[in-house]
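Student: Sequences listed follow chains A and B, in order. Here the numbering used here runs 360 ahead of the position in the first sequence, where the first position is 1. Here the numbering used here runs 5 ahead of the position in the second sequence, where the first position is 1.
Among the hints, a few may not be true.
Some, not all, of what chain A presents toward chain B, calculated at C-beta under 10 Å [what the hints assert, rightly or not]: (1) R530; (2) A531; (3) D534; (4) A539; (5) L541; (6) M542; (7) K645.
Derived from the structure by calculation, the hints contain no laboratory data. We treat Cβ as the ideally placed atom computed from N, Cα and C, and that holds for glycine.
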Amino acid sequence: MEWINVILQGVLVGGLYAMFAAGLSLIFGVMRLVNIAHGDLIVLSAYVALVVAQTLGIGPLTALIIVVPVMAMIGYALQWFVLNRTLGDDLLPPLLVTFGLSVIIQNGLLTVFTADSVKLQAGPIEVATIRLAEGLYVGVLPLLQFAVAVAVIAGLQLIFYRTAIGRAFRATADEPAVAQLMGLDNRHVFALAMALSLAVVAIASVFLAVRANFDPSQGPARLIFGFEAVIIGGLGSLWGTLAGGLILGVAQAVGAHLDPGWQILAGHIAFLIVLAARPQGLFPKVRT
Amino acid sequence: MPEALLAVRELEAFYGDFQALFGVSVEVARGEAVAVIGANGAGKSTLLKSIAGLLRARSDAITFAGEPIGGLPAYAVAARGIALVPEGRGLFPSLSVEENLLIGGQLGRPGAWTLRRIYELFPALGQRRKLPSTALSGGQQQMAALGRALMANPQLLLCDEISLGLAPIVVREIYARLPAVRAEGTAIVLVEQDVVQALAASFRVYCLQEGRVALSGAAKDLTREAIAAAYFGV
Numbered sequence: 361m362e363w364i365n366v367i368l369q370g371v372l373v374g375g376l377y378a379m380f381a382a383g384l385s386l387i388f389g390v391m392r393l394v395n396i397a398h399g400d401l402i403v404l405s406a407y408v409a410l411v412v413a414q415t416l417g418i419g420p421l422t423a424l425i426i427v428v429p430v431m432a433m434i435g436y437a438l439q440w441f442v443l444n445r446t447l448g449d450d451l452l453p454p455l456l457v458t459f460g461l462s463v464i465i466q467n468g469l470l471t472v473f474t475a476d477s478v479k480l481q482a483g484p485i486e487v488a489t490i491r492l493a494e495g496l497y498v499g500v501l502p503l504l505q506f507a508v509a510v511a512v513i514a515g516l517q518l519i520f521y522r523t524a525i526g527r528a529f530r531a532t533a534d535e536p537a538v539a540q541l542m543g544l545d546n547r548h549v550f551a552l553a554m555a556l557s558l559a560v561v562a563i564a565s566v567f568l569a570v571r572a573n574f575d576p577s578q579g580p581a582r583l584i585f586g587f588e589a590v591i592i593g594g595l596g597s598l599w600g601t602l603a604g605g606l607i608l609g610v611a612q613a614v615g616a617h618l619d620p621g622w623q624i625l626a627g628h629i630a631f632l633i634v635l636a637a638r639p640q641g642l643f644p645k646v647r648t
Numbered sequence: 006m007p008e009a010l011l012a013v014r015e016l017e018a019f020y021g022d023f024q025a026l027f028g029v030s031v032e033v034a035r036g037e038a039v040a041v042i043g044a045n046g047a048g049k050s051t052l053l054k055s056i057a058g059l060l061r062a063r064s065d066a067i068t069f070a071g072e073p074i075g076g077l078p079a080y081a082v083a084a085r086g087i088a089l090v091p092e093g094r095g096l097f098p099s100l101s102v103e104e105n106l107l108i109g110g111q112l113g114r115p116g117a118w119t120l121r122r123i124y125e126l127f128p129a130l131g132q133r134r135k136l137p138s139t140a141l142s143g144g145q146q147q148m149a150a151l152g153r154a155l156m157a158n159p160q161l162l163l164c165d166e167i168s169l170g171l172a173p174i175v176v177r178e179i180y181a182r183l184p185a186v187r188a189e190g191t192a193i194v195l196v197e198q199d200v201v202q203a204l205a206a207s208f209r210v211y212c213l214q215e216g217r218v219a220l221s222g223a224a225k226d227l228t229r230e231a232i233a234a235a236y237f238g239v
């Protein structure tokens with residue numbers, strides 16, 4: 361029963377990792393852009409949520425109504441004015457620019473908010489639990505977080521495979537020049553993809569901010585977890601990203617149960633095992 | 006003289022420092038079928054790419070429906086009502102046959118061409134609509150590329166070597182559909198190395214040779230000798 365509890369906690373936190381990863385995976389899939397600033401954008405979004413919640417005196421989940429559109433607009437502008445200029449055959453310029461962006465965001469946040477760690481308060485929901493079975497309790501918030509993660513992945517899947525904009529994303533990723541012949545402005549398509557990515561980041565950031573303390577330096581660690589989830593799951597598959605997140609979460613939970621100091625290490629070991637045994641990931645989308 | 010739908014005047018085109026077109030002038034009237042023939046490297050595809058906006062042109066070099074379109078990016082040219090069937094078809098491998106057709110209609114311009122009509126024109130596509138576009142044969146892919154361009158309900162259809170790599174019987178099958186396209190009032194420019202098919206399908210023909218128009222006239226008026234001379238530059 362104890363182990364079931366451990367696995368369950370791992371699965372639930374895995375949902376959060378999947379949300380970190382989904383935005384990253386989306387951007388790489390659509391425009392081959394590795395966004396080194398992704399983790400820092402999650403942290404930035406958490407601070408935006410903090411400011412919105414404190415200024416307006418609303419709860420973090422209500423704050424999502426403002427934070428999601430704000431982050432989406434930041435994503436559109438970031439892609440349109442900065443990152444679109446870096447796209448080309450070479451993978452290096454976007455890497456360098458987003459690396460620089462990561463440094464700028466971290467230091468900007470440090471200047472404005474200081475290094476003090478902060479946390480979003482969500483009220484009683486933070487400690488509420490549901491009893492699933494004898495000795496098996498699950499927190500309402502982690503359960504909600506997991507449900508939202510599944511909904512986000514399902515929503516992205518729907519957008520990509522059942523809507524016109526999703527077709528536009530996939531077509532532009534396939535053949536950018538031919539996509540132009542369809543009347544699609546690549547700059548606009550890429551900017552919309554980044555807006556979508558940061559909208560997902562916004563949702564993930566609120567759950568992150570409520571769950572634990574955060575400070576400006578937390579970005580890179582989130583990026584690593586996101587990367588690991590994407591690679592474990594397999595590039596190109598959104599459900600694979602969910603699976604990757606769950607595996608990472610469970611590995612960390614198992615490691616933590618054996619020894620609290622092994623939590624992060626256990627996740628990295630699971631990642632290394634997958635990378636060594638099946639480098640393409642567990643559920644890669646095979647393109648013929 | 007009715008105003009031409011497409012007027013290309015003294016068009017020059019460069020790939021870096023290499024000049025591919027030297028003052029090419031071409032006209033296409035509404036609903037007309039025009040062939041552009043020439044040997045490999047004559048500049049035929051370059052001409053189509055310049056019209057479609059994939060290659061930068063001087064702003065006054067290309068006029069469409071009275072408006073200068075030279076220098077516009079490809080997505081803006083597509084929005085004006087020009088659809089290019091690119092060389093090599095350029096289908097989207099991640100998309101199914103039907104999705105490829107649907108994205109051709111992305112701009113939502115109303116007109117005669119709907120998914121149903123495309124499937125009527127090309128039944129082979131209808132039977133394979135959910136398959137990935139990569140699962141089609143060469144001829145079917147060409148039909149899909151043509152269908153995708155038609156879904157935009159263009160006023161001008163540019164076809165870049167649609168016979169390339171296809172068996173003659175398949176080429177005849179595809180060309181047999183072109184009258185249905187013209188019946189909707191769409192003008193067509195056919196760039197071809199297959200001279201016979203192109204001439205049979207067009208009213209007028211331009212022959213390019215090393216980036217210049219070597220010969221032009223009504224298809225039925227030009228003799229084989231004149232065409233061969235212009236084609237090969239002898």
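Student: Would you pick out the hints that fail for this structure and give their numbers low to high?
Tutor: none
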